[in-house]
Amino acid sequence: MGLIVIVILITLVLFFVLAFDANKAQNKPSPASFSQDKLTGTLGTTLLETTTTCGRSVKELLGDCASYKEISCGTEDSCTYVNNTIVNITNRTLAISGIKYFINISSTEGKTTTFIESGCDPDKPGNWKTVPLTSFSTEYGSTMRFQLTICT
Amino acid sequence: MKKKAQIQSGESITVVIIVVILIILGLVFGFSREQSANTEAKAQQEQLSAVRITELATNLDELKCSRYESTGDVCIDIYKAKALAEIIKEDKEDAYKNYYEMFRNSQINISIIYPNVENIQIYDYNDSINKSSKTSFTPILVWDPVRNVKSFALMEVSTYN
Numbered sequence: 056m057g058l059i060v061i062v063i064l065i066t067l068v069l070f071f072v073l074a075f076d077a078n079k080a081q082n083k084p085s086p087a088s089f090s091q092d093k094l095t096g097t098l099g100t101t102l103l104e105t106t107t108t109c110g111r112s113v114k115e116l117l118g119d120c121a122s123y124k125e126i127s128c129g130t131e132d133s134c135t136y137v138n139n140t141i142v143n144i145t146n147r148t149l150a151i152s153g154i155k156y157f158i159n160i161s162s163t164e165g166k167t168t169t170f171i172e173s174g175c176d177p178d179k180p181g182n183w184k185t186v187p188l189t190s191f192s193t194e195y196g197s198t199m200r201f202q203l204t205i206c207t
Numbered sequence: 515m516k517k518k519a520q521i522q523s524g525e526s527i528t529v530v531i532i533v534v535i536l537i538i539l540g541l542v543f544g545f546s547r548e549q550s551a552n553t554e555a556k557a558q559q560e561q562l563s564a565v566r567i568t569e570l571a572t573n574l575d576e577l578k579c580s581r582y583e584s585t586g587d588v589c590i591d592i593y594k595a596k597a598l599a600e601i602i603k604e605d606k607e608d609a610y611k612n613y614y615e616m617f618r619n620s621q622i623n624i625s626i627i628y629p630n631v632e633n634i635q636i637y638d639y640n641d642s643i644n645k646s647s648k649t650s651f652t653p654i655l656v657w658d659p660v661r662n663v664k665s666f667a668l669m670e671v672s673t674y675n
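For the record, the sequence lines run as chains A and B.
Per our numbering, the first sequence starts with residue 56, numbered consecutively.
Per our numbering, the second sequence starts with residue 515, numbered consecutively.
It should be emphasised that the hints constitute simulated quantities derived from the structure, not laboratory data.
Just to be clear, a hint being listed does not mean it is correct.
Unchecked claim - Below, a list of computed lysine-lysine pairs in the DSS-like style, where the Cα atoms sit at most 30 Å apart:
| no. | chain 1 | residue 1 | chain 2 | residue 2 |
| --- | --- | --- | --- | --- |
| 1 | B | K556 | B | K645 |
| 2 | A | K93 | B | K603 |
| 3 | A | K155 | B | K556 |
| 4 | B | K578 | B | K517 |
| 5 | A | K93 | B | K578 |
Unchecked claim - Residues from chain A shown here face chain B by an in silico Cβ test under 7 Å; the list is partial:
| no. | residue |
| --- | --- |
| 6 | Q91 |
| 7 | K93 |
| 8 | L94 |
| 9 | E104 |
Claimed, not checked - For the chain A half of the interface with chain B, some residues (derived, Cβ under 10 Å), not all of them:
| no. | residue |
| --- | --- |
| 10 | I59 |
| 11 | A74 |
| 12 | G99 |
| 13 | T108 |
| 14 | I126 |
| 15 | T140 |
| 16 | N143 |
| 17 | I144 |
| 18 | I171 |
| 19 | S173 |
| 20 | N182 |
| 21 | T185 |
| 22 | L188 |
Yeah, the Cβ is synthetic: ideal placement off N, Cα and C, and Gly gets one too.
Make the full structure from the sequences, and use the hints.
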């Protein structure tokens, strides 16, 4: 009788250990997430400072797009051009790494300048990871926000 | 009486067998968890090693931008990068010895993506038996101070350990 009790106790202990271990494994960040964090963490700030083939930086074009729309790059206005440039770069960095994302660039007045989505529907809340917001000032005096969200 | 003793003895043997089986299962499970944890720890170590090498490379005076007013981005001077790549490539003995202490068995590439496309291999050395590697990517700016153009690039670091 005593031995049966010991067997039951050992089985219960094993069960709790398994349950605790499974829970712990779920909460541990995977090594792959370090790599993804490096890629996505500084992508926004680096992208904004990039000089485009139009001779202006992405930041300058976004500022123009959000305000006076005076700049044109060839046959395209600043909004179209900067949108295409950002898509070009993110396709060759995030999309090619299999990362699903959406980017929202807006002015502090709430006007959305650019919105880019790749494999991720912002209207369907899921397991999202928002990269810390990047705020920047434009030469037109306004403040804009660059928000990258990763969908997992 | 004898039969009762036999039944009790049988029960005890059954319980002992079950306990032994449970202990063996526990040991097998523990061993497989240990293996899994070691694999994860190794992968994490590789990633951290790549992060460390990236931080070292992007802060090298031989690479970083000298005049750029950084807003916190990583900036590499394209002419410095090409010069360093050339020096390491041509002087395999001393240059590799000098940078091996920092970069160990790894490969460091600067892959320029926009507005032009170009690849600069800064360092590549591997004397370990491990030929496979994982690559980490870090967005950086590659500045051309002559034309005043900041290109979007990725610093690709692969570690072989």
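Results for each hint:
A hinted pair counts as satisfied when its Cα atoms are at most 30 Å apart, and B/K556 with B/K645 qualifies at roughly 15 Å. Proposed proximity of A/K93 and B/K603 is supported: the alpha carbons are some 28 Å apart, at most 30 Å. Taking the CA atoms of A/K155 and B/K556, the gap is near 27 Å; set against the 30 Å cutoff, the hint holds. Between B/K578 and B/K517 the CA atoms are separated by roughly 88 Å; this puts the pair beyond 30 Å, and the hint is violated.
Straight-line distance between C-alpha atoms of A/K93 and B/K578 comes to about 19 Å, which keeps the hinted pair within the 30 Å bound. Interface restraint check: A/Q91 against chain B, minimum CB-CB distance 9 Å, threshold 7 Å, status violated. For A/K93, the interface hint holds, since its Cβ comes within 7 Å of a Cβ in chain B; the closest pair sits about 5 Å apart. This hint holds: A/L94 has a C-beta 5 Å from the nearest C-beta of chain B, less than the 7 Å allowed.
Hint on A/E104 holds. Least Cβ distance to chain B is approximately 6 Å, under the 7 Å limit. With a cut of 10 Å, the hint placing A/I59 at the interface with chain B holds, because the nearest CB-to-CB distance is about 6 Å. With its C-beta approaching chain B no nearer than about 13 Å, A/A74 sits outside the 10 Å limit, and its interface hint is violated. Taking 10 Å as the C-beta contact cut-off toward chain B, the hint placing A/G99 at the interface holds, the least distance being around 9 Å.
For A/T108, the interface hint holds, the least distance from its beta-carbon to any beta-carbon of chain B being 5 Å, beneath 10 Å. About 16 Å separates the beta-carbon of A/I126 from the nearest beta-carbon of chain B, more than 10 Å, and the hint is not met. With a cut of 10 Å, the hint placing A/T140 at the interface with chain B holds, because the nearest CB-to-CB distance is about 7 Å. A hinted interface residue such as A/N143 counts as satisfied when its beta carbon comes closer than 10 Å to some beta carbon of chain B; here the least separation is about 6 Å, so the hint holds.
Residue-level restraint check for A/I144 holds (minimum Cβ-Cβ distance to chain B is 5 Å; threshold 10 Å). The beta carbon of A/I171 comes no nearer than 15 Å to any beta carbon in chain B, farther than 10 Å, and the hint placing it at the interface is violated. Proximity of A/S173 to chain B is violated relative to the hint, the smallest CB-CB distance being about 16 Å (cut-off 10 Å). Residue-level restraint check for A/N182 is violated (minimum Cβ-Cβ distance to chain B is 21 Å; threshold 10 Å).
Among the interface hints, the one on A/T185 is violated; its C-beta lies about 17 Å from the nearest C-beta in chain B, farther than the 10 Å criterion. The beta carbon of A/L188 comes no nearer than 14 Å to any beta carbon in chain B, farther than 10 Å, and the hint placing it at the interface is violated.
Of the numbered hints given earlier, the model fails hints 4, 6, 11, 14, 18, 19, 20, 21, 22; all others are met.
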